[in-house]
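Undergrad: We have chain A; now place chain B with the ligands onto it with these hints.
Chain residues, written in single-letter form:
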Amino acid sequence: MSVDVITCALRELRQNWRRTFAVVSGYAITVAFIIVLAAVLLYSRVVQDIVIGGTGTYFVTWLPACGDISSLTEKELADLAKGIIPAKCQEQCENCTGCNKKPYDILNEGFVVNTNTTRLLTIELAEKVARLDSLKNVSACLMFRFRDPTNNLIFTAAGVNPQDYAVVRNCVAAGDLVEGSYLDAAQPGKILVESGFAINNGLKPGMKFSIAEEEFEIAGLVRTGVRPLNPDIMMPFADAERAINKRIHNPLEKEANIILAVSHDATHHIKAMEDVKKLLKTDSLLTTGCYWPASEALGLSERMVWGFMLIVMLGSVMFAAKIQWSAVVERYRNLAILRAIGWSNRVIAWQLLCESLFQSVAGSLVGVLIGVVLITAVPVNSLLGVDAAMTGVLNPVLAIVVIAFAVLAGLLASLFPVLRMHARSPLDDLRRF
Amino acid sequence: MEPLLRVEKLSKSYHTRGHEIKVFTDVSFAVNTGELLLVTGRSGVGKSTLLGLLSGLDRASGGSIFFQEKEVTGLSLAELAELRASSIGMIFQNFNLIPGWTARENVEAVLMHRGISAAERQKRAVEILRELGLADRLENLPAELSVGQQQRVAIARTLVNDPVLILADEPTGDVDPETAGEIIELLLPRVKSGRAAMIVASHGLFDVKLATRVVCLKDGILSETAQ
Ligand SMILES: Nc1ncnc2c1ncn2[C@@H]1O[C@H](COP(=O)(O)OP(=O)(O)O)[C@@H](O)[C@H]1O
Ligand SMILES: [Mg+2]
Numbered sequence: 001m002s003v004d005v006i007t008c009a010l011r012e013l014r015q016n017w018r019r020t021f022a023v024v025s026g027y028a029i030t031v032a033f034i035i036v037l038a039a040v041l042l043y044s045r046v047v048q049d050i051v052i053g054g055t056g057t058y059f060v061t062w063l064p065a066c067g068d069i070s071s072l073t074e075k076e077l078a079d080l081a082k083g084i085i086p087a088k089c090q091e092q093c094e095n096c097t098g099c100n101k102k103p104y105d106i107l108n109e110g111f112v113v114n115t116n117t118t119r120l121l122t123i124e125l126a127e128k129v130a131r132l133d134s135l136k137n138v139s140a141c142l143m144f145r146f147r148d149p150t151n152n153l154i155f156t157a158a159g160v161n162p163q164d165y166a167v168v169r170n171c172v173a174a175g176d177l178v179e180g181s182y183l184d185a186a187q188p189g190k191i192l193v194e195s196g197f198a199i200n201n202g203l204k205p206g207m208k209f210s211i212a213e214e215e216f217e218i219a220g221l222v223r224t225g226v227r228p229l230n231p232d233i234m235m236p237f238a239d240a241e242r243a244i245n246k247r248i249h250n251p252l253e254k255e256a257n258i259i260l261a262v263s264h265d266a267t268h269h270i271k272a273m274e275d276v277k278k279l280l281k282t283d284s285l286l287t288t289g290c291y292w293p294a295s296e297a298l299g300l301s302e303r304m305v306w307g308f309m310l311i312v313m314l315g316s317v318m319f320a321a322k323i324q325w326s327a328v329v330e331r332y333r334n335l336a337i338l339r340a341i342g343w344s345n346r347v348i349a350w351q352l353l354c355e356s357l358f359q360s361v362a363g364s365l366v367g368v369l370i371g372v373v374l375i376t377a378v379p380v381n382s383l384l385g386v387d388a389a390m391t392g393v394l395n396p397v398l399a400i401v402v403i404a405f406a407v408l409a410g411l412l413a414s415l416f417p418v419l420r421m422h423a424r425s426p427l428d429d430l431r432r433f
Numbered sequence: 001m002e003p004l005l006r007v008e009k010l011s012k013s014y015h016t017r018g019h020e021i022k023v024f025t026d027v028s029f030a031v032n033t034g035e036l037l038l039v040t041g042r043s044g045v046g047k048s049t050l051l052g053l054l055s056g057l058d059r060a061s062g063g064s065i066f067f068q069e070k071e072v073t074g075l076s077l078a079e080l081a082e083l084r085a086s087s088i089g090m091i092f093q094n095f096n097l098i099p100g101w102t103a104r105e106n107v108e109a110v111l112m113h114r115g116i117s118a119a120e121r122q123k124r125a126v127e128i129l130r131e132l133g134l135a136d137r138l139e140n141l142p143a144e145l146s147v148g149q150q151q152r153v154a155i156a157r158t159l160v161n162d163p164v165l166i167l168a169d170e171p172t173g174d175v176d177p178e179t180a181g182e183i184i185e186l187l188l189p190r191v192k193s194g195r196a197a198m199i200v201a202s203h204g205l206f207d208v209k210l211a212t213r214v215v216c217l218k219d220g221i222l223s224e225t226a227q
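As they're listed, the protein sequences go chains A and B. Be aware that the first sequence starts at 1, since it is given in this note's numbering, and climbs by one per residue. Be aware that the second sequence starts at 1, since it is given in this note's numbering, and climbs by one per residue.
Since the hints were derived computationally from the structure, they do not count as laboratory data. Note that the structure is predicted; figures quoted are calculated from it, not measured. By construction, the Cβ of each residue, glycine as well, lies at the ideal position given by its N, Cα and C atoms. Each hint can be trusted.
Just a few of them, taken from the derived set where beta-carbon distance is under 7 Å, the chain A residues facing chain B:
1) Ile337
2) Ala340
3) Ile341
4) Ser344
5) Val347
Computed spacing ranges between beta-carbons, pair by pair:
6) A:Arg431 x B:Ser146: 19 to 29 Å
7) A:Arg431 x B:Glu8: 22 to 32 Å
8) A:Leu411 x B:Arg17: 27 to 37 Å
9) A:Ile400 x B:Val147: 47 to 57 Å
10) B:Ser76 x A:Leu411: 20 to 30 Å
11) A:Arg432 x B:Ser193: 36 to 46 Å
12) A:Arg432 x B:Gly133: 27 to 37 Å
13) A:Glu330 x B:Asn94: 12 to 22 Å
14) B:Lys22 x A:Arg11: 35 to 45 Å
15) A:Arg14 x B:Lys22: 39 to 49 Å
Chain A with its partners taken away, still in its complex shape (with noise of 0.2 Å):
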């Protein structure tokens, strides 16, 4: 390929500039189309992982209470207290730490989540837990049932780490605070308390509160609303382990009872939860519901994004050979007539391809261009109802490809007619045309 070629095919493009204004046009609409649908298809994963994450990539684990409490024989509790497993229960043991850990007043007091008895499970299991790639973070976290034997309360108190992620999003934020100040790891001895049961107890900010008799200053109110974890009382984790210690036969050893996890994002949650329950051979998941339709329902316009954007690369490719196409067949007698004076068919296929590939790259670079004045110019989030900004969706690699992919279908387009016209005879086309 040399000067000439290219010097040949501008002159083309010039001279015919109607032709070339309607190719780079095409071009040019396309790519800007690819463009926008693409933003919009980015942007609608940036929506659904909000809308998800708001309302549930997150997700409460735990294993569930072995056997029948209540069955077990008087000799048979005694001997769990210390550590003797009765043989029924045995097969259930898995990752299970707790048989010598069982409350005094196991009628009334346990390990729960929620209204459901757990077994315990190691810190370590909830670390490996920890180590999917799947889960963004995960929180071991202990919740107990109380019974204050003064007034016969009873109630729940979870002992998080507050500053974890994964309490956050389970449990209780400080967002959710309606009176006094959060937890705060490095100030033990304060808790938490659930409005409802405030309420419902006369329990203010600044009041002490008793757990397995040891006063404790309630820092602040919360309304936990519809996360999965919902105790009467929240306190730092250690607080809460030696409440507990009081109130059964042995003493944690790195222990929790719940496991509190969030999904790494709301594409992988439904895998996250699929791989804890296989890890821990659960099925004990707790989490709010809606993730589902939400998901679901941005899914599938997301899947109508592809096809539109496949339908029109489809399109765009058909356009650009038909226009290539003729561009040939319309000069069948002027190639014939250059074929004659002594060009080559390698000079004109050359030329032929070049005039494909200026309009291509000028076409879609425009495209581009419109693309990005579209995205900035168009507040499709304000139209859309949602206040995240429309940022990230303006992805250059994403514009590289779309390029090289219009860039690539012209020079195929082209090659067909390029083909044909090598075969065609100049005589035949001069004595036709």
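TA: Chain B with the ligands only, in chain A's frame:
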């Protein structure tokens, strides 16, 4: 001495939809530089077909063509194109100018893709167009030129690469006798000065007295006619 062009037992037949059309067989002749060979014959006998074979735009069915002592029939398409670009000038009945290109661009096209600089191309095209009296029509499109002027652009295009062989297919077919005479007048000096040979295909209107030799194609056979 080997002639510029020697044709031996050349034959051509077309195969269309199953049956064969024999255009001519066993055509043999030779042309030397400085000669004008006139190929006569009624329309449809295969004169254009013969010129097509000589220019390398079409392939013979049999026989051989030797041009400048080289066998043309065995050359590749690219080599044939190169041969046309460097040594052969063609002129057609209906001019075959490219309608979107100016007179100068049409002439310059012959010099394209041959490593000749744009300035040199332009210089040579303008020079020959001037010689042919088209100095003030350089940047006009063919449609803006008279028939005679168009024919002169076509002649300029034929001569710009200094061809040693000029192939003219009914060069005077479509124009009035005066213009026809002018065309011959412009092309002939190249031949008479010994710079080129010329083969003219014509079905009758061409002035036989101008030709060095006249051959007649009839029923697929080429025969020499006495002048
Ligand atoms: N591509 C082709 N396919 C089939 N027949 C052809 C083709 N080109 C020319 N012919 C036939 O070859 C014969 C010679 O044509 P041509 O060389 O154009 O004649 P002339 O130039 O002497 O008038 C004609 O009968 C024509 O029909
Ligand atoms: Mg003819």
